[in-house]
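Chemist: Read off the chains here:
2 protein chains.
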Amino acid sequence: MPPVFPVDEYQNRIKKARQKMAEQGIDLLIISQPANMNYLTGYDGWSFYVHQCVLVHQEQEEPVWIGRGMDANGARLTTFLSEENIIEYADDYVQSTVKHPMHFVAGIIKERGWDKAAIGVEMDQFYFPHRAYVSLEESLPEAKFSDANALVNWVRVVKSDMEVEFIKRAGKISEKVMDAARNAIAVGVRECDAAAAVAYAQYSGTDEYAGDYPAIVPLMMAGEATKTPHLTWTEKVYQENEAVLLELSGTYRRYHAPIARTIYLGDDPPQLLTDTASVVLEGLDKALETVKPGVTVEEVEAAWRKGIAHSTVVKESRIGYSFGLNYPPDWGEQTISIRPGDKTVLEPNMMLHLIPGIWYDEVGFEVDASVRVTESGYESVYDYPLELFIEK
Amino acid sequence: MPPVFPVDEYQNRIKKARQKMAEQGIDLLIISQPANMNYLTGYDGWSFYVHQCVLVHQEQEEPVWIGRGMDANGARLTTFLSEENIIEYADDYVQSTVKHPMHFVAGIIKERGWDKAAIGVEMDQFYFPHRAYVSLEESLPEAKFSDANALVNWVRVVKSDMEVEFIKRAGKISEKVMDAARNAIAVGVRECDAAAAVAYAQYSGTDEYAGDYPAIVPLMMAGEATKTPHLTWTEKVYQENEAVLLELSGTYRRYHAPIARTIYLGDDPPQLLTDTASVVLEGLDKALETVKPGVTVEEVEAAWRKGIAHSTVVKESRIGYSFGLNYPPDWGEQTISIRPGDKTVLEPNMMLHLIPGIWYDEVGFEVDASVRVTESGYESVYDYPLELFIEK
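Respectively, the protein sequence lines represent chains V and U. If you count by the working numbering, then the first sequence holds residues 2 to 393, one letter each, in order. If you count by the working numbering, then the second sequence holds residues 2 to 393, one letter each, in order.
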């Protein structure tokens with residue numbers, strides 16, 4: 002059970018992280034965001050409900066994994082790290098009110114002679130709560146802390162060719178997942194049974210590629226719930242003449258290919274829904290037309306905005322973000338946000354999830370595109386019709 | 002789409018939280034842990050990948066929900082809160098590098114005249130990263146902050162009769178889930194296809210009760226991976242003569258009933274596995290025998306420890322915790338830990354998940370009991386045989 006990628010892939014990622022560390026004057030990086038931990042070491046386990054981290058120091062080739070004792074074998078199985086860099090803390094640190102796992106981490110940092118370092122931590126990542134910071138700070142009085150919040154996230158923005166391949170495999174699964182949803186959703190079927198069919202497709206994957214769990218469970222809003230984007234499912238049965246919003250993803254080894262579509266259960270969708278769908282699809286098309294290396298992210302949003310300017314559709318929230326490797330609660334990368342002011346310049350092998358969702362009080366509409374920036378434009382990571390599905 | 006429970010259930014919870022706030026000298030509580038937000042208001046949405054919170058003030062009857070604009074309709078649909086207490090922030094706060102949603106929250110706190118209050122925050126909960134704290138602190142210079150980390154979690158420890166009923170419904174689903182796993186797992190089957198069958202059962206639930214997503218995805222370690230507890234599944238096919246560890250749960254409206262068992266695929270399990278199983282089952286039985294009101298949590302662990310003392314089995318980690326309502330990444334409650342030093346006195350309607358897992362380098366074994374403390378002892382929240390399953 003070796004790590005997912007060859008070791009040189011991880012070494013290349015670490016090298017890029019070190020370059021950013023150097024630019025920001027950071028000697029030692031403490032990473033607690035699970036996708037960042039995985040990205041640098043391969044570590045893959047559902048152990049992020051307790052404190053854990055990866056240390057990257059400028060002067061030590063290998064990162065250090067530190068986690069709960071029972072998870073150390075998980076690190077041995079899924080990372081490329083050597084034994085001296087897999088370090089376990091005792092179980093009585095778990096959810097203790099008298100000591101904190103970050104006290105232990107600080108002890109390791111002292112042992113390695115890194116306690117006077119300039120230390121970067123991920124100050125606004127979930128999985129790094131306030132007390133984690135306080136515990137480090139009080140145990141390492143000579144260290145100089147700075148915010149390295151999305152440092153590794155920004156390394157993740159441009160994907161390697163192997164990562165692209167993984168995302169395309171996830172895309173193959175996404176096609177199956179959306180088919181499964183459309184096959185399952187029908188008048189009289191319970192929402193939970195449709196969600197079950199979706200999950201089956203997500204986890205099973207294709208004959209060739211095993212599915213993995215997506216970082217977000219199926220978001221499936223029907224009827225009244227289509228006025229908001231982040232609800233799941235209930236015991237209710239689907240009704241005639243209601244819309245269903247679907248935000249789903251196939252996942253392959255923690256890599257995503259998000260796919261969102263809208264179904265209308267009936268022959269005669271309301272004018273507001275069809276009008277909205279038509280405007281959003283037009284705006285999405287305009288946005289996609291601009292995607293190519295050298296263009297800024299805010300220009301992509303501006304094209305969308307211009308494309309819908311002739312209509313009454315209003316969209317105040319961002320229309321998308323960068324995606325790829327991730328763990329719950331989000332498959333978004335917390336780097337690029339497709340909105341005014343984001344001046345990131347597009348490069349080949351960036352991955353954009355454009356999802357200009359509309360949630361009116363009367364009706365909602367979701368559709369998306371998950372695309373790779375190519376040398377000259379973009380390509381979708383899956384093949385699925387861009388339309389409002391009218392189904393009985 | 003009213004909230005899940007009658008309003009007086011929420012009011013009763015809020016009253017208990019206020020009592021604890023008073024004991025700790027807290028005027029205003031800021032809650033960002035999703036289960037705690039749900040517990041006090043009913044709010045249920047997969048929106049916890051952005052910052053959000055619930056405010057509870059001693060002098061205002063209703064809590065305040067603050068979240069991202071697009072999620073406000075979700076709050077309108079799932080909580081009992083009135084319109085003036087559902088407050089949305091603009092989308093450009095999301096993952097911004099120049100402003101933080103907690104700056105907005107601080108503004109609301111000022112508007113309501115609460116900025117000189119004694120404020121309790123959840124300092125070690127995931128979903129409250131360091132920068133959330135810093136943003137509050139810098140915006141509210143006259144406030145006095147203190148740690149209310151598990152304040153609401155400790156209110157959740159004793160379940161209401163309606164919550165007990167929900168957990169038993171989850172238990173009915175857990176029985177189906179474990180059956181589904183046992184039916185699906187067989188030599189030659191891909192792990193991902195077995196995981197898919199498990200997820201189907203989890204989401205679908207029973208004919209009577211819709212399933213919900215568990216806070217932890219199926220943990221399904223096979224073969225070499227049985228030396229550690231928190232891995233998921235792969236594309237590998239199950240082999241003859243390997244063990245499979247299963248840690249699963251049925252879930253009903255965010256309430257869990259965790260269930261863990263071990264399957265051996267072959268006629269002739271290794272002696273170490275059968276010996277370990279026999280010792281663990283004996284120790285678990287001893288621990289369960291002690292469970293009743295008035296007993297301390299550490300006495301339950303001591304009974305386990307004494308029960309296995311005659312053997313070579315060593316267990317350094319806690320043997321369980323309190324469970325109930327939750328969201329990813331954990332169905333544990335971060336209150337009771339069944340280990341030496343936990344002097345919590347058991348009361349009726351506490352819920353304990355006893356899971357004395359063993360992960361040797363050679364072999365692992367998992368079995369559990371999810372029990373309610375009754376007036377005179379305990380009862381399981383589901384009905385499932387306590388044994389090592391030998392299957393072909």
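I should point out that these hints are in silico values taken from the structure, not numbers from a laboratory. Computed from a predicted structure; not experimentally measured. Ideal Cβ positions, reconstructed from N, Cα and C, are used throughout, including at glycine. Mixed in with the good hints there might be a few duds.
What the hints assert, rightly or not - Derived list of chain U stretches under chain V, where covered just means 3 residues or more per stretch with a C-beta under 8 Å from a C-beta of chain V:
hint	segment
1	48–59
2	162–169
3	207–213
4	266–272
5	367–378
Chemist: Tell me, in ascending order, the numbers of any earlier hints that this structure violates.
Modeler: 2, 4 and 5
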